[in-house]
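Chemist: Listed here are the chains, written in short residue letters.
2 protein chains.
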Amino acid sequence: MSAGGEFDYIMRRLAPLSAGFPGAAGLTDDGAVIAPAPGNELAVTTDTLVSGVHFPAGEDPACVAARALRVNLSDLAAMGAQARAYLLNIVWPHDATGALRERFADGLAAEQGQFGLHLIGGDTTASAGPLAVTITAFGELPAGTAVRRGGAQAGDLAVITGTIGDAWLGLQARLGARERLDETHEAFLARRFSRPEPRLELAAGLREHAHAAIDVSDGLLADFEHIAGASALTLHLALDEMPVSRAAAAWLARHPDPRQGRVDLAAGGDDYELALAVAPHRLEALRTAAGVLPLTVAGRFSQGPGGLHVTWKGEPVEVVKKGFTHF
Amino acid sequence: MSAGGEFDYIMRRLAPLSAGFPGAAGLTDDGAVIAPAPGNELAVTTDTLVSGVHFPAGEDPACVAARALRVNLSDLAAMGAQARAYLLNIVWPHDATGALRERFADGLAAEQGQFGLHLIGGDTTASAGPLAVTITAFGELPAGTAVRRGGAQAGDLAVITGTIGDAWLGLQARLGARERLDETHEAFLARRFSRPEPRLELAAGLREHAHAAIDVSDGLLADFEHIAGASALTLHLALDEMPVSRAAAAWLARHPDPRQGRVDLAAGGDDYELALAVAPHRLEALRTAAGVLPLTVAGRFSQGPGGLHVTWKGEPVEVVKKGFTHF
Numbered sequence: 020m021s022a023g024g025e026f027d028y029i030m031r032r033l034a035p036l037s038a039g040f041p042g043a044a045g046l047t048d049d050g051a052v053i054a055p056a057p058g059n060e061l062a063v064t065t066d067t068l069v070s071g072v073h074f075p076a077g078e079d080p081a082c083v084a085a086r087a088l089r090v091n092l093s094d095l096a097a098m099g100a101q102a103r104a105y106l107l108n109i110v111w112p113h114d115a116t117g118a119l120r121e122r123f124a125d126g127l128a129a130e131q132g133q134f135g136l137h138l139i140g141g142d143t144t145a146s147a148g149p150l151a152v153t154i155t156a157f158g159e160l161p162a163g164t165a166v167r168r169g170g171a172q173a174g175d176l177a178v179i180t181g182t183i184g185d186a187w188l189g190l191q192a193r194l195g196a197r198e199r200l201d202e203t204h205e206a207f208l209a210r211r212f213s214r215p216e217p218r219l220e221l222a223a224g225l226r227e228h229a230h231a232a233i234d235v236s237d238g239l240l241a242d243f244e245h246i247a248g249a250s251a252l253t254l255h256l257a258l259d260e261m262p263v264s265r266a267a268a269a270w271l272a273r274h275p276d277p278r279q280g281r282v283d284l285a286a287g288g289d290d291y292e293l294a295l296a297v298a299p300h301r302l303e304a305l306r307t308a309a310g311v312l313p314l315t316v317a318g319r320f321s322q323g324p325g326g327l328h329v330t331w332k333g334e335p336v337e338v339v340k341k342g343f344t345h346f
Numbered sequence: 020m021s022a023g024g025e026f027d028y029i030m031r032r033l034a035p036l037s038a039g040f041p042g043a044a045g046l047t048d049d050g051a052v053i054a055p056a057p058g059n060e061l062a063v064t065t066d067t068l069v070s071g072v073h074f075p076a077g078e079d080p081a082c083v084a085a086r087a088l089r090v091n092l093s094d095l096a097a098m099g100a101q102a103r104a105y106l107l108n109i110v111w112p113h114d115a116t117g118a119l120r121e122r123f124a125d126g127l128a129a130e131q132g133q134f135g136l137h138l139i140g141g142d143t144t145a146s147a148g149p150l151a152v153t154i155t156a157f158g159e160l161p162a163g164t165a166v167r168r169g170g171a172q173a174g175d176l177a178v179i180t181g182t183i184g185d186a187w188l189g190l191q192a193r194l195g196a197r198e199r200l201d202e203t204h205e206a207f208l209a210r211r212f213s214r215p216e217p218r219l220e221l222a223a224g225l226r227e228h229a230h231a232a233i234d235v236s237d238g239l240l241a242d243f244e245h246i247a248g249a250s251a252l253t254l255h256l257a258l259d260e261m262p263v264s265r266a267a268a269a270w271l272a273r274h275p276d277p278r279q280g281r282v283d284l285a286a287g288g289d290d291y292e293l294a295l296a297v298a299p300h301r302l303e304a305l306r307t308a309a310g311v312l313p314l315t316v317a318g319r320f321s322q323g324p325g326g327l328h329v330t331w332k333g334e335p336v337e338v339v340k341k342g343f344t345h346f
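Chains F and U, in that order, are what the protein sequence lines are.
Per the numbering used here, the first sequence starts with residue 20, numbered consecutively.
Per the numbering used here, the second sequence starts with residue 20, numbered consecutively.
Honestly, the hints are just simulated from the structure, not real lab data.
The C-beta atom is built at its ideal place from N, Cα and C for all residues, glycine as well.
A portion of the hints provided could be inaccurate.
What the hints assert, rightly or not - Derived pair list, reagent style SDA-like, types lysine to any residue, alpha-carbon separation capped at 20 Å: (1) U:K340 with U:A269; (2) U:K340 with F:L271; (3) F:K332 with F:G248; (4) F:K340 with U:A268; (5) U:K332 with U:A268; (6) U:K340 with F:F26; (7) F:K332 with F:A251; (8) F:K340 with U:E78; (9) F:K332 with F:A249; (10) F:K332 with F:D276; (11) F:K340 with U:K340; (12) F:K340 with U:A145; (13) F:K332 with F:A223; (14) F:K332 with F:H255; (15) U:K340 with F:W331; (16) F:K340 with U:E25; (17) F:K332 with F:R226; (18) F:K332 with F:E260; (19) U:K340 with F:D27; (20) U:K332 with U:G280; (21) F:K340 with F:P299; (22) U:K340 with U:P277; (23) F:K340 with F:A269; (24) U:K332 with U:E220; (25) U:K332 with U:D283; (26) F:K340 with F:T253; (27) U:K340 with F:P161.
To be verified - Just so you have them, the derived chain U footprint on chain F, three or more residues with Cβ under 8 Å: (28) 136-142; (29) 190-197; (30) 205-219; (31) 285-296.
What the hints assert, rightly or not - Pulled from the structure, derived: some chain F residues nowhere near chain U, Cβ distances all over 12 Å: (32) R122; (33) A151; (34) L200; (35) A249; (36) V311.
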């Protein structure tokens, strides 16, 4: 642990994370220089995570670092981009200890190594407010191939990677807002909240086989509604087809109203799975590209009045809250 | 004024700021796509401004928007890049009114028009903390031509654009921390704090004629020390040659210790002028490129033990605080 100040922290802990990326100039300069390979473009995405809003106050700073990086990588995955580099803007609370800052840098170092990324710039400040972490992530992809929300076509299948609702259940447990399941399930759900898995392994497959994609951050219903809206289509989504984990199934089995339970999972958010629109004849190719990552079909896009129509065993479901908004 | 929420604000006030930049997809997507022209690179820089730290609490949100954008454009100018696009991450305090958010968007719209920029993405959230605004700015420049801090050579002149210390004096007046001058001077100093002028007009000239550059944000002394350190040279800086405005001169004339007054101006920061290292035979060409923007020579880089040596009328000056640090 060092008692050094802002510049010491940047040079000792952050600058080494830029090694191997010449355009970052060792974080000693006014900015970084970056260029895609010829014929490629850069994909750029940014998310701000605030303590007490996007993660519980008192969260392990290494988990905050992991989460901040991963939610951005999830956006790159949804665009079909390969991750390359990132910027870090951090506002420390005045009472943050040196040990907390060290732990944050440890987490960041471990994460960027896992994803083959480089830190290329940022800004380190302090305030009277809560810890706030902004990551801006840069990906790369062939020019003109970015997967967008607005590309769904009538007849496309609504496809979901992995399982939905685990992160919300993990957060509810952290908040003491639900009864606990057995320890194996709880450990799985806690990790699903604290370590979202960006589906970068599917990026190239998406560019080739998906018409539209979004990562599930606000909630499956809200995010599929974004695709339907941007594509000017109606999406009929079958809640009973939504993929859930064994842990979520165990929670649903105890729920007095399993239909409402599924609505809560579908509106909870923080899944960082991908919600996709895929032409039926491309589904098998996409499954091959996905490898061991499960893909589940839970609906179909069609012409119509637009928006999201949710059903449960064939019956329409009224959904009041589809996801999270900040104001 | 609308009572709409987060998505309404983004679509109604922010999305129009992306018009004309196809890669922004109208801010409806997970991220933006950007590429430099063939043979060019992107310059990327980012700064976070927090209420009560980087600007006074209660500041006009239109001024906050202007300041957040301009301090980033100043970094692009120091790299020799032309500004193209930006990301906006904003954390609103929970008690921010719709009127404040409208005012912020008004300011942003006016500013980006003035600089020919497009908003291409970002993140809008709210927290219990103070207003925090992060801008990430993208510039463009020919590959390999970025002006860096570490390029100064022995014999180079230390050159300063505009005048130093005005923004600090403007802030001191805002804080009630000094006696007031006449109204014309005060209006000038207030504006120098609230509307820094990024020296983008000098970007191309810097690439051609300067060995090193930095924008003066932490303080002239701290920032020139960054150039000297990164270039492994000693800089002899003559405080009495430092350019000051007529308003700052009026303040100095009343100061009981004009030498200490100059040290305060040189350590104050927020100038967003450029501090440069320029070979003597390039000075006239750089002056021509600068047009009406004054350039002042205030020192010289040399081989030696390294670091910054400050003098006042030929006598060494001990400087305790050279600029601002956050922790």
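Chemist: Next, verify each hint and record whether it holds.
Modeler: Going through the hints against the structure:
no.	hint	in the structure
1	U:K340 with U:A269	violated (23 Å)
2	U:K340 with F:L271	violated (61 Å)
3	F:K332 with F:G248	violated (24 Å)
4	F:K340 with U:A268	violated (61 Å)
5	U:K332 with U:A268	holds (17 Å)
6	U:K340 with F:F26	holds (14 Å)
7	F:K332 with F:A251	violated (25 Å)
8	F:K340 with U:E78	violated (35 Å)
9	F:K332 with F:A249	violated (27 Å)
10	F:K332 with F:D276	holds (14 Å)
11	F:K340 with U:K340	violated (53 Å)
12	F:K340 with U:A145	holds (19 Å)
13	F:K332 with F:A223	violated (34 Å)
14	F:K332 with F:H255	holds (12 Å)
15	U:K340 with F:W331	violated (67 Å)
16	F:K340 with U:E25	holds (15 Å)
17	F:K332 with F:R226	violated (33 Å)
18	F:K332 with F:E260	holds (9 Å)
19	U:K340 with F:D27	holds (16 Å)
20	U:K332 with U:G280	holds (14 Å)
21	F:K340 with F:P299	violated (30 Å)
22	U:K340 with U:P277	holds (17 Å)
23	F:K340 with F:A269	violated (23 Å)
24	U:K332 with U:E220	violated (33 Å)
25	U:K332 with U:D283	holds (17 Å)
26	F:K340 with F:T253	holds (18 Å)
27	U:K340 with F:P161	violated (49 Å)
28	136-142	holds (count 4)
29	190-197	violated (count 0)
30	205-219	violated (count 0)
31	285-296	violated (count 0)
32	R122	holds (15 Å)
33	A151	violated (6 Å)
34	L200	holds (31 Å)
35	A249	violated (5 Å)
36	V311	holds (24 Å)
Hint compliance for this structure: hints 1, 2, 3, 4, 7, 8, 9, 11, 13, 15, 17, 21, 23, 24, 27, 29, 30, 31, 33, 35 are not met, and every other hint is.
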